[in-house]
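Colleague: One letter stands for each residue in the lines below.
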Amino acid sequence: MIIEIWTKEKYAKNEEAAFLGRLAHAGLDVKAARLSRLYRVDAGFSEETFSRIASELLTDNITEHCSLKPGKAGLKNAYRVEVWLKDSVTDVVGESVKEAVADVAGELPEAVRFGHAYYVQCASELKLRQAVSKTLVNEVVNKFRIEKC
Amino acid sequence: MLKTMSDPLSGFTSLSDRQLAELDRTCGWSLNALELAEVRRQFKKMGRQPSRGELETIAQTWSEHCKHKTFSGPVAFKSGGKVKKYKNLFKETIVKATRTLNRKWCLSVFTDNAGIVEFGKGGKWGLAFKAETHNHPCAVEPYGGAETGVGGVIRDILGVGLGAKPVLNTDNFCFGYLDSRKKLPRNSHSPERIMRGVVEGVRDYGNRIGIPTASGGIYFDDGYLLNPLVYVGCAGLIPVDKIEKKVVPGDLIVSIGGRTGRDGIHGATFSSANIEEDTSASAVQIGHAVNEKKTLDVLMRARDLGLYNAVTDCGAGGFSSAIGELGSETGARVRLEDALLKDTRIEPWEIWVSESQERMILSVPKAKLKKLEAILEAESCEYCVLGAFPGNGRLLVTHGEEKVADLPMAFLHGGVPNFEKPASRRKVRIFSATPVRPAKTYGGILKELLAHPNVCSRHSVITQYDHEVQGGTVIKPLQGKYGDGPGDATVIWPQAATLDLHDLSGFAVTHGFNPAAGKIDPYQMALQAVDEAVRNLLCVGAEISRTAILDNFCAASPRDPEVMGDLVLAAEGCHDAAMAYGAPFISGKDSFYNQAKDADGKEYPIPLSLLISATAPVEDIRKAITMNFKEAGNPLYLAGTSCRGLGGSVYADMMVAGNNYIAPLDMKAAVRLYTALLKAIKSGCVAAAHDVSQGGLAVTLSEMAFSGGFGAEIDLSSAAKEKDLSALELLFGESPSRLVLEVVKDREAEFLKFVEGLPVPEIGFVSEEPVLEAADGGERLFKEDIGGLKARWKRELI
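Respectively, the protein sequence lines represent chains A and B. So for the first sequence, our numbering puts the first residue at 358; every next one is plus one. So for the second sequence, our numbering puts the first residue at 5; every next one is plus one.
These are computed hints drawn from the structure, not numbers from a lab. Note that the structure is a prediction, hence the values are computed from the model and not measured. Take these hints with a grain of salt, some might be off.
[Said to hold, decoys possible] No farther apart than 25 Å at their CA atoms in a straight line, the calculated lysine-lysine pairs in the DSS-like style are these:
no.: 1; chain 1: B; residue 1: Lys128; chain 2: B; residue 2: Lys108
no.: 2; chain 1: A; residue 1: Lys370; chain 2: B; residue 2: Lys798
no.: 3; chain 1: A; residue 1: Lys500; chain 2: B; residue 2: Lys346
no.: 4; chain 1: A; residue 1: Lys500; chain 2: A; residue 2: Lys429
no.: 5; chain 1: A; residue 1: Lys491; chain 2: B; residue 2: Lys606
no.: 6; chain 1: A; residue 1: Lys491; chain 2: B; residue 2: Lys186
[Stated by the list, open to error] Here chain B is said to cover these stretches of chain A; the calculated rule only asks that three of the stretch's residues, wherever they fall, bring their Cβ under 8 Å from a Cβ of chain B:
no.: 7; stretch: 447–458
no.: 8; stretch: 494–501
Using N, Cα and C, we set each Cβ at its ideal position, and we do this for glycine too.
Next comes chain A alone, as it looks inside the complex (with noise of 0.2 Å):
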């Protein structure tokens, strides 16, 4: 199960203007983007468990809203570019949320890993995968995919 957590878009401003920063700094002309964290929860919950632990342990309610159903940005001709360590990478974050669905859940998940989420609204595809490796992903710690949504 792949959880997806939002800022939500009136506190969102920042990261996103900074985020743009990054790809303009690196050549990419992007119209609009958003951001978003994602956990891949490896375990057998009920849909009902992994959505409390969405909810409970891994959004802050007043800032965040959570998502189970991963790649609504709400963008209109956008890219979605998903970036996570590569399995052999330890994943610090992703073993500290691990003891923590554990807590919440009473049992602890096979593994946890921790990624991102990038909704890119641009022209071409072939520069957004120049402009993430230059400056969103090292190719030698990260894996990453870049789709249409």
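We have chain A already, so just place chain B on it with the hints.
Modeller: Showing chain B alone in chain A's frame:
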């Protein structure tokens, strides 16, 4: 050709020099031809072939990272037709100064993971201080490299004596210019990317473990485009009766903290090689601050209960270095099958040399293991018993029935051959003519200087760090009325470690650094770095007669005689400065081979970079002072003589100065001046002090003004200066030993008594009007609104 590893190892003692070199490349050991030949000779003498584990152990133990072969080796320095020979450059310069000074307050120097000096009242505490570099890993994976660098230096503090409690982290970085237009080679990261990753790594590790990151600096030069420098430091408090450690034969070898995995293999040997285009990230990892915090908490409790006899950190070389170091006299019997692993798909020799993070090795008496286990379990800290220290002087490592290593410690630690390295003085043409004044106003130049990356505000980096955690950061990195002025030094009141709220003793920490000067004159660069560090300590009112310093050298390949020549001159400068300022070196670090090669074979060496980190006690933290103007009407004094030359200045980097002269530093005059000024500061008659360094006097005055929200009226005609000094040199030159002081108006007469006979003229006064106005007699130099100056200075770096 070498087809498999088993082939060459079974016939190792018969391999030719060429085959040995090929084997070295295949295995990533970074041993040179002489060392490989010595290993072959030793095994021939033993009458057997080595195992992979033994060769890995030797490669780790003999690496530049662990043995400091370049700095501790013999050097022949050629200069002007004369040759000066050193048997051990480090001992004959840095260590010699410390031994000659022989300060009683130095409790442990050059023998442990960090230097220790006396701290506080009552002689109960020692202050441990250490800086490390993590350059190569940060070039490959900036975030993970920086994180594990911070984690490593914290473990140095945890592993000094029987363990010190960390109370401060420091961070100093060098990057290529963020807007550099130089074309980068393939597979390299842009400087902006490296900087962002490094800052985030230092931030996340320091903030998560709960240690304030509160002292540092950032320097930009295109020499660092492919080789960023990441100096991370840590200071901690240790009870003086916990400084001695000794492994007792029969003690158990206990590893606590993180598990061992395949990550981080060959970090130590990696640092002994130039970075090549195909360098992989196998040598870097992501740090786990929470695991290290658990280790820290266990150590502090177990130390106070006397549950172990010795401790050291697992750094470069992993178990092989840490256990080898602790057992250097007693020997060690290690059973690797008992190690806690992250991954079972790991070879025994890999367990032995893996540099997985957050691990510490303890020497535990058998009778105390149960009590230690109870603490480890209470703190949820994983551990394993790996064997024992037998007392027979032999290193025996096994994994089940397999023998991984069986070596005499004397060979391992004393067998590394060293050879004389040639060094020569670099030829630099010096231009000392009066610099040409550009067609710009002085005010315009000042604004450009304030926005220069080496001068502008670092708030966008500093504010990411938690510099308040532990509640002891008295003088903060950002100071002044608006909490954004650039401080000279940080003052820490380590009550979280001493738990003594009645002892108001603190300590100041700062740094001196100017590689631009080193490109012209490495000797003067070293003097100026020490001078800047001492002056920064003085600016907060620290007791500079008890300054202790760390030398942190980074250089390109020592195979280049000119790089070695720069090193010799800088090391001599360190010696002379330490003697003049009475400031002993207590620990240090050197990092070589900071030289990258791209796919086209082009070399990118860094300039010689010497970071001097310094600490001195602050008797009463309540009396420490900051750098911003405090009150309108207070008189301003410029202490020190302004000398000719723009060599090594930010101005010279920005404009065509036609002058690269660096005036020699008069250290005796500096010490006289600082001694008097410290008395004045301690008496309370100085309201603010700020050193003149990068950007020069005009930048110093601007920073004091806009950080305090006041203006100033300045007349520099009375300034102590060399004959024929131009206005350009006076305003923007960076000649050392100068600082600006704001004196409390009612106590001016008292101040003047302290500085009688010294070059400390009054140059103006603080004004209510927010305008900085400078003149030289009848000539107005500039008049600028402080809001406009601050706007240029306070740019976002990232």
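Colleague: Please go over all the hints and tell whether each is borne out by the structure.
Modeller: Hints, one by one, checked against the model:
no.	hint	verdict
1	B:Lys128 - B:Lys108	holds, 15 Å
2	A:Lys370 - B:Lys798	holds, 22 Å
3	A:Lys500 - B:Lys346	holds, 21 Å
4	A:Lys500 - A:Lys429	holds, 21 Å
5	A:Lys491 - B:Lys606	holds, 22 Å
6	A:Lys491 - B:Lys186	holds, 16 Å
7	447–458	holds (count 5)
8	494–501	holds (count 3)
The earlier numbered hints are all upheld by this structure, with none contradicted.
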